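Chains A and B, in that order, give the protein sequences.
Quick note on numbering: the first sequence equals residues 0 to 218 in numbering that gives the first Met the number 0.
Quick note on numbering: the second sequence equals residues 0 to 319 in numbering that gives the first Met the number 0.
What the hints contain is simulated information worked out from the structure, not anything from laboratory work.
Small disclaimer: the values here were computed from a predicted structure and weren't measured.
Some hints could be false.
[What the hints assert, rightly or not] Below, simulated DSS-like cross-link-like pairs (lysine-lysine); rule was C-alpha separation at most 25 Å, straight line: (1) A:K88 to A:K131; (2) B:K130 to B:K112; (3) A:K45 to B:K317; (4) A:K52 to B:K317; (5) A:K69 to A:K45; (6) A:K88 to B:K112; (7) A:K123 to A:K69; (8) B:K15 to B:K89; (9) B:K281 to B:K63; (10) A:K154 to A:K131; (11) A:K132 to A:K69; (12) A:K154 to A:K45; (13) B:K130 to A:K69; (14) A:K154 to B:K157; (15) A:K79 to B:K130; (16) A:K79 to B:K63; (17) A:K69 to B:K89.
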Amino acid sequence: MLTFDHVSKRYPDAGDALLDVSFHLARGEMAFLTGHSGAGKSTLLKLIAMMEKCSRGHVLLEGQNLNRVKERQVPFIRRKLGLIFQDYKLLLDRTVFDNVALPLVISGYSQYDISRRVRAALDKVGLLGQEKKYPLALSGGEQQRVGIARAVVNKPRLILADEPTGNLDPELSVEVMHLFEQFQQVGVTVLIASHDIELIKQMGYRVLTLSHGRLVGGQ
Amino acid sequence: MADHSGRRQKISLQNKLYAYLMNHLQVLFASLGRLVRTPFTSLMTILVLAVTVSLAGSFYVLVKNVKQFSENLHTSNQISVFLKQSVSDKQGRQLARQIEQNSQITRVTVISKSQAMAEFKQYSGFGEALKALDKNPLPVVLEVLPETTLTDEGSLEKLMAELKRYPQVDFVQLDMLWIQRLQSILQLLERGVLLLNVLLGIAVIFITGNTIRLELQNRREEVLIAKLVGATHAFVQRPFVYTGFWLGFFSGCVAWVIITAIILFLQGPVEHLSQLYEGHFKILYLGFAETLALTGITTVLGILGAWVVLFYQLQQIKPR
Numbered sequence: 000m001l002t003f004d005h006v007s008k009r010y011p012d013a014g015d016a017l018l019d020v021s022f023h024l025a026r027g028e029m030a031f032l033t034g035h036s037g038a039g040k041s042t043l044l045k046l047i048a049m050m051e052k053c054s055r056g057h058v059l060l061e062g063q064n065l066n067r068v069k070e071r072q073v074p075f076i077r078r079k080l081g082l083i084f085q086d087y088k089l090l091l092d093r094t095v096f097d098n099v100a101l102p103l104v105i106s107g108y109s110q111y112d113i114s115r116r117v118r119a120a121l122d123k124v125g126l127l128g129q130e131k132k133y134p135l136a137l138s139g140g141e142q143q144r145v146g147i148a149r150a151v152v153n154k155p156r157l158i159l160a161d162e163p164t165g166n167l168d169p170e171l172s173v174e175v176m177h178l179f180e181q182f183q184q185v186g187v188t189v190l191i192a193s194h195d196i197e198l199i200k201q202m203g204y205r206v207l208t209l210s211h212g213r214l215v216g217g218q
Numbered sequence: 000m001a002d003h004s005g006r007r008q009k010i011s012l013q014n015k016l017y018a019y020l021m022n023h024l025q026v027l028f029a030s031l032g033r034l035v036r037t038p039f040t041s042l043m044t045i046l047v048l049a050v051t052v053s054l055a056g057s058f059y060v061l062v063k064n065v066k067q068f069s070e071n072l073h074t075s076n077q078i079s080v081f082l083k084q085s086v087s088d089k090q091g092r093q094l095a096r097q098i099e100q101n102s103q104i105t106r107v108t109v110i111s112k113s114q115a116m117a118e119f120k121q122y123s124g125f126g127e128a129l130k131a132l133d134k135n136p137l138p139v140v141l142e143v144l145p146e147t148t149l150t151d152e153g154s155l156e157k158l159m160a161e162l163k164r165y166p167q168v169d170f171v172q173l174d175m176l177w178i179q180r181l182q183s184i185l186q187l188l189e190r191g192v193l194l195l196n197v198l199l200g201i202a203v204i205f206i207t208g209n210t211i212r213l214e215l216q217n218r219r220e221e222v223l224i225a226k227l228v229g230a231t232h233a234f235v236q237r238p239f240v241y242t243g244f245w246l247g248f249f250s251g252c253v254a255w256v257i258i259t260a261i262i263l264f265l266q267g268p269v270e271h272l273s274q275l276y277e278g279h280f281k282i283l284y285l286g287f288a289e290t291l292a293l294t295g296i297t298t299v300l301g302i303l304g305a306w307v308v309l310f311y312q313l314q315q316i317k318p319r
């Protein structure tokens, strides 16, 4: 599903963010990405989401070399992914329904399909009936679940989550992790960046550990 | 969740096209809604655009009216023959008959000394003062109307030289000459207006562009999020292009109102002036096709303004 082949990323002003990182994620696998802050977790996810390009090595998504993807094709690569952010990145002037529907509108689904899929996704994250509310009327945990619904509504092959529980209390964090577990169980590949070591251990999945840009565990 | 295994449902082309059109329609009205929700800002922008456009439109209407006026004049290739002061009305009429023999001439009208005086009194406003003159200083004038086919300068000048050879003739004047001068001035004016309108059009592009740029800054976050979930350049720019569309369209409509108001305001005085000169000058408004063209052009300029800005600025908004 996802392969990092001797990948390095150097920022002109900040030096090496990633150094010679190699690993492979199989289809349907769930893994955690951990490390101290500044270890390169976010950079690694950004390479997959094509927000950055690597300086050396290759990133392969479903066998496609992301180095060779043209600017015009980037949106179509992103449509294969479900991205989840620590700060949720919701549109505050749109309803929950419109937020979750965005990827489907972009991909050109019919109103009927959009309505059906958005409801299914909201049902999955336990927010059915909240469609007409605005994000700020929801709690932090609920907002994150709207973000997750948006990430899965287009049935992505790979879910990338960057500190999805960073702003949530321990109880909600466990709930959100179990949600990811459910997606993995139906065949989606899941990669979660988190520094909540306790929670990660509790879950018992593969853990990729980054330290100063190098992969030091979980290869 | 059964088909969540990575296989994605294919959307048929027909459904996709329908959804695409629906998206356009939805964005079209969403952009309109956005303008309506900030009425003050929108109105200010539209008014600035409309004033610019109405300036261009007014110049156009001005040229159009002057052109109409000069085209009415153009039909005459009349030659005025001023006879010597010593020539009497009777001698003048004799000469007129003589001249009429010429096959190139359709008709000769004699304006006697007293007729000329009466006309002069009526239009000059010197009525009372002229009474003080003990004798009529005005000459007899023959208004010679050549064949309508005779319009080129060369043959007219030849005819004028012929007329000049009569001993009774003082001097000969081609009325068309000043019309030709007027027309070359008009051509110059028309060029100038074209140039000015191009400049005003560019102004419209940049005013719209700047408005769109501000709008883009306000909605930066939205653009970033849309790009993160796989929006193409076309999708992201669509609402902004439609904002440009509406700004252009509305400014065209408001400009039409302004131009029409200007003509209405000037119509009374112009028609009064026309009556004073015995003219039947009818002021021209913007026609239906011209109104369509006006709003069409402003709409296109609005879209263009949006595009110019989006082309550069949208590339710079990238998720990091």
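Now the hints, each set against the structure:
1. Distance restraint check for A:K88 and A:K131: the Cα-Cα separation of roughly 18 Å lies within the 25 Å cut-off, and the hinted pair is therefore satisfied.
2. For the hint pairing B:K130 with B:K112, the CA-to-CA distance comes to about 14 Å; that is within 25 Å, so the pair holds.
3. Proximity of A:K45 to B:K317 is assessed by CA-CA distance (about 12 Å); at most 25 Å being required, the pair is judged to hold.
4. The hinted pair formed by A:K52 and B:K317 meets the criterion: a straight-line CA distance of about 13 Å does not exceed 25 Å.
5. Between A:K69 and A:K45, the direct Cα distance comes to roughly 16 Å. Compliance with the 25 Å bound is thereby established for this hinted pair.
6. With a CA separation close to 94 Å, the supplied pair A:K88 and B:K112 exceeds the 25 Å bound.
7. The straight-line distance between the Cα atoms of A:K123 and A:K69 is roughly 35 Å, outside the 25 Å bound, and the hint therefore fails.
8. Of the supplied pair hints, the one linking B:K15 and B:K89 is violated, its CA atoms being roughly 92 Å apart against a limit of 25 Å.
9. For the hint linking B:K281 to B:K63, the alpha-carbon distance of about 12 Å falls within 25 Å, and the restraint holds.
10. Under the criterion of a C-alpha separation no larger than 25 Å, the hint pairing A:K154 with A:K131 is consistent with the structure, at around 23 Å.
11. A C-alpha spacing of about 38 Å is found between A:K132 and A:K69, which places the hinted pair above 25 Å, so the restraint is violated.
12. For the hint pairing A:K154 with A:K45, the CA-to-CA distance comes to about 20 Å; that is within 25 Å, so the pair holds.
13. Distance restraint check for B:K130 and A:K69: the Cα-Cα separation of roughly 94 Å exceeds the 25 Å cut-off, and the hinted pair is therefore not satisfied.
14. Restraint check for A:K154 and B:K157: the C-alpha separation of about 91 Å exceeds 25 Å, so the hint is violated.
15. Note on A:K79 and B:K130: the hinted pairing is violated, with a Cα-Cα distance of about 101 Å set against a maximum of 25 Å.
16. Only pairs whose Cα atoms come within 25 Å are accepted, and A:K79 paired with B:K63 is rejected, the gap being roughly 60 Å.
17. For the suggested pair A:K69 and B:K89, the alpha carbons sit about 96 Å apart, so the restraint of at most 25 Å is broken.
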